[in-house]
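Keeping the supplied structure of chain A fixed, place chains B and C upon it in accordance with the hints.
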Amino acid sequence: MRPISPLMTKDLIAQHNLTDDEYKKIVEILGREPNITELGMFSVMWSEHCSYKSSRVHLKKLPTTGPRVVQGPGENAGAVDIGDGLCAVFKMESHNHPSFIEPYQGAATGVGGILRDIFTMGARPIALLDALRFGGLDHAKNRHLVKGVVSGIAGYGNCMGVPTVGGEIVFNDIYSQNPLVNVFCLGIAHKDKIFLGTAAGVGNPVIYFGSKTGRDGIHGATMASDSFDDQSEQKRPTVQVGDPFTEKLLLEACLELMAGDLLVGIQDMGAAGLTSSSCEMASRAGNGIDLDLTDVPRREPGMTPYELMLSESQERMLMVAQAGKEEECIRICKKWDLDVAVVGRVTGDGILRVKDQGQVVAEIPAKSLADDGPRYERPYSPPGYQDMLTNLNYDALPDVKDASAALLSLLESPTIASKRWVYEQYDHMVRTNTMVRPGSDAAVVRIKGTNKALAMTVDCNSRYCLLHPYEGARLAVAEAARNLVCSGAEPIGLTDCLNFGNPERPEVMWQFVLAIEGMKDACEYFKIPIVSGNVSFYNETNGLSIYPTPMLGMVGLIESADKTMTQWFKQNGDVILLLGKTKEDLGGSEYLKVHHHREQGSPPLLSVEAEKMLHDFMLKVIHDGSVQSAHDCSDGGLSIALAECCISAPDTRRGAVIKLGLDTLRLDALLFGESQSRVILSVKPGMVDRVLNSAWDSGIPATKIGAVGGDRFVIDVEEGQWSEGCHIDLPVDQLYDRWAFSIERTLNGT
Amino acid sequence: MLKIGVVIFPGSNCDHDCQHIFKNVLGQYVEMIWHKETLLAGLDAIVLPGGFSYGDYLRTGAIARFSPVMGAVKGFAKKGGLVLGICNGFQILLEAGLLPGAMLRNKSLHFICKDVSMKVENAATSFTSAYESGQVLKIPIAHADGNYYTDPVTLASMQANAQIVLRYCTPEGKVTPDANPNGSLDNIAGIINAEGNVLGMMPHPERCAEAVLGNDDGKQIFLSMLESLKGNKKQLKMIPA
Amino acid sequence: MKAKIYVTLKQGILDPQGKAIEHALDSLGFKNAGNVRVGKYMEVDLEEKDKVKAEAEVKQMCEKLLANTIVEEYRYELTA
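So the protein lines, in turn, are chains A, B and C. Here the first sequence stands for residues 1 to 750, numbered as in the working numbering. Here the second sequence stands for residues 751 to 991, numbered as in the working numbering. Here the third sequence stands for residues 992 to 1071, numbered as in the working numbering.
Wrong hints could be hidden among the right ones.
Pair ranges (Cβ atoms, derived) [stated by the list, open to error]:
1. C:Met1033 to B:Ala910: 35 to 41 Å
2. B:Trp784 to C:Lys1001: 32 to 38 Å
3. C:Phe1021 to B:Ala910: 41 to 47 Å
4. B:Gly923 to C:Gly1009: 33 to 39 Å
5. B:Gly923 to A:Gly625: 33 to 39 Å
6. C:Arg1066 to B:Thr920: 40 to 46 Å
In short, the hints are calculated from the structure, not lab data. For glycine and all other residues, C-beta sits at the position ideal for the given N, C-alpha and C.
One chain only, chain A, in its complex shape (with noise of 0.2 Å):
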């Protein structure tokens, strides 16, 4: 007998984003009409979110092997080998959509979310970063967003005891109305005990485990499948609250339940909960699971098989354990006080067939649930403004005119300015293996048990993306690589967290397909596996779509612990090197936007052959000892990374003396260019012939620009073909006040 559904009328599946022919393939595939419950199961499992509908065919191109990869895309994370029979397990993911309805709530969920992904695994978490995208700061909404979303990820993680060691923040007022909030996770799992997602073994039983069941961001998948209007903010109720405190448990109780030989599966219930977990897990066995929603705990009287299989209350994971080793299972589970039941067996037919109370009300074949879902091969083309964007006369552009004021100006605009009033607030030393902390090209945490230490970091410039998608992502995946060889690591592997407009308008489908061509080039030619990945598309508001974001999270290896670099001036006398070529490089920079208030022109030029000579380069000078620091040249140009050097180490500030040529360059070209290919080494004078040598051996454009020492910091630019020279002296002091607490102060509005 079935429960009584409402009809299914257009207005119903409309309500539910599906289709008409999505429609009729739910009831091809059922051979009937969809049940209520049915109806909501396909239209989470079939949503853009959780079907990769629009992006599936595309992300196939990305190259996902590679000699260290242990587990590629397709499970709850990806999985690199990092020797003494460790794995690192990382991804990253969005949590857009509720963190601009619910910055607080959004935020902390999307780090208990990706979290989740990581102890899944079998992977102990050990770090956390965040790239986050917010309008600018002088719109109040935009303040309470950044605060808010500061707050969750701190309240969440610090709970957790995961430190956040790093991360990224951008403001541009294409955010205003649709911020990101891109959290990325990465934890140590043992080689042979990575577990993974699947429900084998017919007979074997299905348990469930953590909070209870309430009825909490029911359509959660749905809504981060929509665009927003101003209506969007009265959707709160679907937002999910977070508790760190059960996920801390949660954690310590798989990873005990994983110590033991128990389990043949496990997913944790995110997006579309309860159906996801348990539809993704028959899917990949090949098997079926018979669900019984009687023993599920729920925090709410009264919920329909609808609210719980769809539910997305937070902390909650589905296990399958071994016959017979079901009373070990939940003895441990109580051992951590999360609520347990056996809420279902695995079985051979492949149908998920969910019972209630002695009833079917649910009963579909798990493979066309998880991945049968409808594939588009949407349209692209480029926007009609495209050529106004890269077209940009640079004569119409007055050079600049005091480059002491422009600097400074620079140093204090919010996407160049320290971040520290933000990673004050995570723990970002828990776990005692934090080497580099926030505040440096990359991340730094020893490995505990190994001499090894691993880098990370996250990166994309997405005004290179919205000029020119496919060179702007390759620009992404140069800077990551070169921030972790900027810290002495190895680039080893690669996650991606997508972030575009509504897929369905033809141009952003078009920056999609350009950003994933460049992303696969530059990752073939840089031999970086893509392991992991996460797609967040209809990101606009009342029909205005953000820049193409795709953001990168890149992990590298340092075999020893002990060749890790950092990025600021550290001895007096020490001689700055600058290492790469700079060019008449203004397109699309941070300066163009500050200065000028154009995000236009073309992004700079990409050499591959040269990225690579470079990083080959600075492994091999940083690992024999020859270099005291290296920082790589990006937002801001050369000026702001020199800057950078003398101001942003932990204890110490240094003065620098530079001098430099300007050539046939533009002055402003020259200081606030943003060349690719660039790095600013310090080594010791002794070192300086050596270094230089070994450069020019390497085929690696190197000069000697300056040294370090005093309180001032100066840069000489002499008088060249085009420009006239300049002369910048201003105290270290007074530079470190402007970029130190300029996000402090305009948030505190003093």
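Positioned in the frame of chain A, the structure of chains B and C alone reads:
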């Protein structure tokens, strides 16, 4: 080898870090103690680690103090056993009444994680004997509720008995309001009980006890404990009250 | 019976949250607002039918767990 007990409350998250210091850095035997245990045998010292016991719900340390293990911890302290509470461990010791006072929210209302300067005001304790009196340490804090408060009478008596062992200061060692990261009364970072065997401190010495992490200023807290336990107490000079 | 319990910081103890809210109210134009104190509100269902006994029990709860009387004070209401 000494046997150090590290208590695990639900939500403790510096338990592994404390275990790591005593076991891997200092080569001692460490027993991890589940909060439901009621008998503690053969331990030389007990550490209540940092974290968010019971999620810090209600008040920091308020629920953990009722954990079954706390009865045994009190008994151990009463017999003169060394008990070190770090961060959340300190908060639990306050709630349990093993140390006087209470914690309030940080003045900034934010969680704060950063290095601060801290002065050893009393180097004549079992937890600080390896330092010089007046020595300034660089040490990380990581808390949202480290704003120590007690009534004026208790404060005066603690001052008189040199129970205020650790205070926030400038890198030069000056105890000033600006050097106070959380609004704590009298710049208090750590206090000891009148008997001298229970120390609570907000900063995290276990996070700065290894050169590989760039700072080992905190290591002597643990070395002092070991030294004191081995009975090799150096000639201790009490600071005049 | 239901107990409604209010826990606030004692008068005289600095309440930084209260101050922050007071400041925010002021900047929103609520110039008549002052002395904001932030606290916790709890509801507890009680089996006890006898009001006197219930009151004694609630008092004990507050003293023992719900309030830290070094810095906090409490009050409660009992409703049927």
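Going down the list of hints, with the structure as the test:
At about 39 Å, the CB distance of Met1033 of chain C to Ala910 of chain B agrees with the hint of 35 to 41 Å. Separated by about 36 Å at the C-beta atoms, Trp784 of chain B and Lys1001 of chain C satisfy the suggested range of 32 to 38 Å. Under the hint 41 to 47 Å, the C-beta atoms of Phe1021 of chain C and Ala910 of chain B, about 46 Å apart, fit the expected range. A hinted range of 33 to 39 Å holds for the C-beta pair Gly923 of chain B and Gly1009 of chain C, which are about 34 Å apart.
With their beta carbons about 35 Å apart, Gly923 of chain B and Gly625 of chain A fall inside the hinted range of 33 to 39 Å. Roughly 43 Å separates the CB atoms of Arg1066 of chain C and Thr920 of chain B, a value that falls within the hinted 40 to 46 Å.
When each numbered hint is compared with the structure, no violation occurs for any of them.
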